[in-house]
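Residue numbers (the working numbering), protein chains in the order written: chain Z, 1 to 348; chain F, 1 to 348; chain P, 1 to 348; chain R, 1 to 348.
Do not rely on the hints blindly, as some may be mistaken.
Any copy, or any two copies together, can satisfy a pair, since identical chains are not distinguished.
[As the list claims (entries may be wrong)] Dumping the calculated BS3-like pairs for lysine-lysine here, alpha-carbon to alpha-carbon at most 30 Å: (1) LYS67 with LYS82; (2) LYS318 with LYS2; (3) LYS3 with LYS301; (4) LYS69 with LYS266; (5) LYS58 with LYS185; (6) LYS194 with LYS58; (7) LYS15 with LYS145; (8) LYS82 with LYS181; (9) LYS29 with LYS309; (10) LYS196 with LYS163; (11) LYS309 with LYS266; (12) LYS309 with LYS270; (13) LYS67 with LYS15; (14) LYS263 with LYS318; (15) LYS145 with LYS194; (16) LYS169 with LYS181; (17) LYS189 with LYS3; (18) LYS67 with LYS309; (19) LYS54 with LYS270; (20) LYS263 with LYS160.
Keep in mind that the hints were calculated from the coordinates and are not lab data.
Each chain is listed here by its residues.
Number of protein chains: 4
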Amino acid sequence: MKKFRLTSFGESHGKAIGGIIEGCPSNLKIDFEFIKNELNRRKPNQSSITTSRKEDDKLEFLSGIFKGKTLGTPIAFIVWNKDQKEKDYEDLKNVFRPSHADFTYQQKYGIRDHRGGGRASARETIARVVAGAIAKLILRKLNIKINAYVNSVGEIELLKNYKDLDFNKIEENIIRCPDEKLSLKMIEKIKEVKKKGDTIGGTIFCVIQNVPAGFGEPVFEKLQANLAKALMSINAVKGFEYGSGFAGTKMIGSEHNDIFYMKDGKIRTKTNFSGGIQGGISNGEDIYFKLAFKPIPSLMKPQYSVNEKFEKVIINPKGRHDTCVLPRVVVIVEAMSAIVLADFYLCK
Amino acid sequence: MKKFRLTSFGESHGKAIGGIIEGCPSNLKIDFEFIKNELNRRKPNQSSITTSRKEDDKLEFLSGIFKGKTLGTPIAFIVWNKDQKEKDYEDLKNVFRPSHADFTYQQKYGIRDHRGGGRASARETIARVVAGAIAKLILRKLNIKINAYVNSVGEIELLKNYKDLDFNKIEENIIRCPDEKLSLKMIEKIKEVKKKGDTIGGTIFCVIQNVPAGFGEPVFEKLQANLAKALMSINAVKGFEYGSGFAGTKMIGSEHNDIFYMKDGKIRTKTNFSGGIQGGISNGEDIYFKLAFKPIPSLMKPQYSVNEKFEKVIINPKGRHDTCVLPRVVVIVEAMSAIVLADFYLCK
Amino acid sequence: MKKFRLTSFGESHGKAIGGIIEGCPSNLKIDFEFIKNELNRRKPNQSSITTSRKEDDKLEFLSGIFKGKTLGTPIAFIVWNKDQKEKDYEDLKNVFRPSHADFTYQQKYGIRDHRGGGRASARETIARVVAGAIAKLILRKLNIKINAYVNSVGEIELLKNYKDLDFNKIEENIIRCPDEKLSLKMIEKIKEVKKKGDTIGGTIFCVIQNVPAGFGEPVFEKLQANLAKALMSINAVKGFEYGSGFAGTKMIGSEHNDIFYMKDGKIRTKTNFSGGIQGGISNGEDIYFKLAFKPIPSLMKPQYSVNEKFEKVIINPKGRHDTCVLPRVVVIVEAMSAIVLADFYLCK
Amino acid sequence: MKKFRLTSFGESHGKAIGGIIEGCPSNLKIDFEFIKNELNRRKPNQSSITTSRKEDDKLEFLSGIFKGKTLGTPIAFIVWNKDQKEKDYEDLKNVFRPSHADFTYQQKYGIRDHRGGGRASARETIARVVAGAIAKLILRKLNIKINAYVNSVGEIELLKNYKDLDFNKIEENIIRCPDEKLSLKMIEKIKEVKKKGDTIGGTIFCVIQNVPAGFGEPVFEKLQANLAKALMSINAVKGFEYGSGFAGTKMIGSEHNDIFYMKDGKIRTKTNFSGGIQGGISNGEDIYFKLAFKPIPSLMKPQYSVNEKFEKVIINPKGRHDTCVLPRVVVIVEAMSAIVLADFYLCK
């Protein structure tokens, strides 16, 4: 993130969440409906399997856009936090919730906004979705397409190759898995876990198509390294693999090598275990990767923990949380991918 | 990599490989023997299962060190490439080797140094090992320990938890796996694959101990995001997972949450599925991660490919290559980890 | 500007001006009154010699501050532009005003917000003053003092050494010159120029005291280089000199060398032609510099120019503008200096 | 300096001086003769008015160039320091020379290489000249011309407008002043000062022609701000002014405004007090600036000072130094200007 650059701000229950996007080219027509739709894909309370918490998330642009087009100057945007219920969080004030960032923030800063996770809250991803939507608008002229979908929920896993899926079906169900039958099983699983007051993890698969050869840099700024950083920075992500990934470690070279051949006057590879990237640079084939998401730590069950006075405490469930982060995270994965690609495109 | 910063240079068969390290604190005593030993852990021809290619890799420091101590100014270093056999590579000049960077570099730059992969060669990792060794010297005063080892070769996988292993045994065998029995199987496997002129992948496990709470930044500069970028930038890496990783996606929250408790007057977690990082910031527990390495693409078998004139060609095996990159890569994984940690330490 | 970093946004007549400050230490108590006072030193219509344009400039913080203290997370702030009179600027829409940024923005971006200069307007300096005020709060604990004042208006120049001035008098007159007699002459001069519908330039002198030895970096990141960049980025600045400056070029070395001697147990210099910086690093003596400001280009007279259709046009005076930027710029000079010093302090 | 980036290294009497240039476009033909000639313009002992110290300064490229053309990968280069006379500097080991960086380096780092100024030595500018020469090669295709010359030595000042000078005459005399008569006076002055064992300052004027409109960025990354930073980072520079500079502060707006008009189908300005930059962005007119250089502090006379033990000492003259840095600095000023412009060009 060097040319196209997002600087974001905001605590979960502070006044607002927002950001500044620098490096966006001038004269780009802003498709406000599209951006709003991207935010809707992320927003809470969108279906029976997401949190019932209501957040309006009304987006306001403050600068950088003039009569619907970008000026080339910084694009600032803001989403007000309307629902600042201070009292709701009073009893979490001095407590470190398990597997949250309460403890580490306190250690690092000696102070924290305890309300809803403060800066560590996934509410911060609003800024990513807005910047990602603008990045997608930039990439439109190259016809680059980014499609992410839910690949597994717990043990329920989509085993089909992405090439055998219809990406148009992703948005047709509330879990955002393009396989209809499996999507029902995933939804059922989430509801089952929800009843127990528990949460569950899963994986997201993402496919990026029509990236021309030449995106990425040698050595430290490899395309996959920048994708990994961007995606591993999303809350709850525990792993990233691209191309053949961990399964590729069990292959031998003669199976794994992607043989070049000519097709329609272009150099292509017969297989694509490389995941569209060789030597850190895109080769024109599909870029694809998989992400691991842990079960989110906010349970609807009592849990033991420790408070700031080093006392053992019981944390009782409070608020309304997602049982499974996956359906809402699909658009965030696409957004971070778009930001990385837009940056490499603009740096070329 | 913001304060402690490595800028590297060099093509595989150019005059030299080297780099400049900026941001190293002054008055650090340089342990030249240690650095040399780290380079020896990386060097070719170190055992019967690594390439028999001989490279002397004599390291020379050019600046930033005065009477054995750092000055606080840029530390430049160089390793000359003694063995520049131009002719050896003549018949690869116009050919794109499968799953190498030949094609993508040519697409990106319109020119490339075809000799031994040029800038895309893993010979570049010499610079990483030198900077990593200096980073380790910086981290010594915090008693931070970084131990990587070979966790699997193809299907042969070490299933023990890292806590049940003796890291002192890592360097006792040529594959660098701390389990003696398994190391023999791995070595056998590599020799078997080598005989067939093929190559094989595997995984590296890395454990970082004694990192104080507070390393890392919120949101985009999370510790795991920076580790992922640094490690995914190593040649042949296809995946990164930390803590519970991909297996964690199959867990439910009440299993996965790391419960805080008091131990010896300190706040600790009972389990460590978080992998020592919460909200992007270290929590004082062990940091651990696993990396997937693909089988390297240089085979000792003929392969089909395409040349710059878009003609189908057969590439005949040439040179001496590793069958399995894993034993030589252990020190590189440690080096990149050390660079990331030293940077966060110095930025604190 | 690496650790303490301001990212700003906003067009002069867009919705708002604001910014995000990253890298501010946590647990810093925010003195809101002080910040408001700094903004008042910058605001228009503060006296009979500044523009009569009324701008309320009410500052709102959006993040990073919790119960009056900084969280260590990004501090976002905003000032709404209340007075968006689109029509006032209609006839400047296609015209390039002389010595403004209209032409260059149009050349660079192919689009521009013509209302009041858009992004090029000095209204952007609100963000600098806010960040500078916070930087000053950081520097308070080192007792670092930054005092700027008006040194000349046109030919009327303060010839006294800064050591013979009482900085407490700077804010006692509307021109912000600590010499009472001269301040009256300056004010008279500005009123005289204003009557003619013209504008006038001048110089600002700035003294930074109590900076400990050791701020700054060798070679490219010298303290004076970073000060020069920060200060030359202010609208209308045409020159920067520190220490002996241009006058020093007429000296010989034996006059110019600052001889070291011992005073009160510390190493000091007898003279200070170095301006408190040697080899790019502060030496503990006063840092001082002078800045040249051109006469601002918005005249209350008709001027010839060219429009976007390449036609010759006459631009008639419009709006209310400063005759002399100097009194309002004093606080901006201090702000940019504080930002640079806070960054070096936090990077140490 | 973001895309085209020089990282340099080296102490004056360490093993070598050198650097790594990143971001140079691929397929650029390297004119080695030109680079060598640029280094010759900087080298010591080039004439009767420069130091008689002999330094061979043989340049060696180590990477990034293949068969005479750039690869797009980092270009490393090195100049060995042949003349490492440790003993010569023994008596300066614990002494702080007046107006040198000895004291500030010691304060900052607690250690320093005392030999010839170590990292603070102007020998470091070799790296700038090499990178600047490559930047000039990049700018050749835009026909951008950069000419610097000596404008004054002490009180002897060239008062002609740069438009009335013949830049071809700059290299015709040893002081590098394009006015023949004045050059003789300058040379005479330097010889006179030299006889007294003293040194003298002066100014450099630099003109950059044929820069297209659109180089530079708004607000913090203005073209003049980046030029100021780059040029103020050169040893001994005390001031920078561009366009009307300090003299412009005495003008009124109606004199200073550069009126637009049409000439040969292009928008031009009648005067150029703006110095080719408006709103931080080039407008297509000539960019010009002036730099103040102090008299260098190495005298051929005894001077009082203080040593590391806080004792008063007398420093006796040693070594061979320039009396006036100006003739050798002309190429360095051009180099830093070229680096800034090449970066803005490549970032566009």
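_So, against the hints stated earlier in the document, which numbers end up violated here?_
Hints 2, 3, 5, 7, 8, 10, 15, 17 and 19 are the ones this structure does not satisfy, whereas the remaining hints hold.
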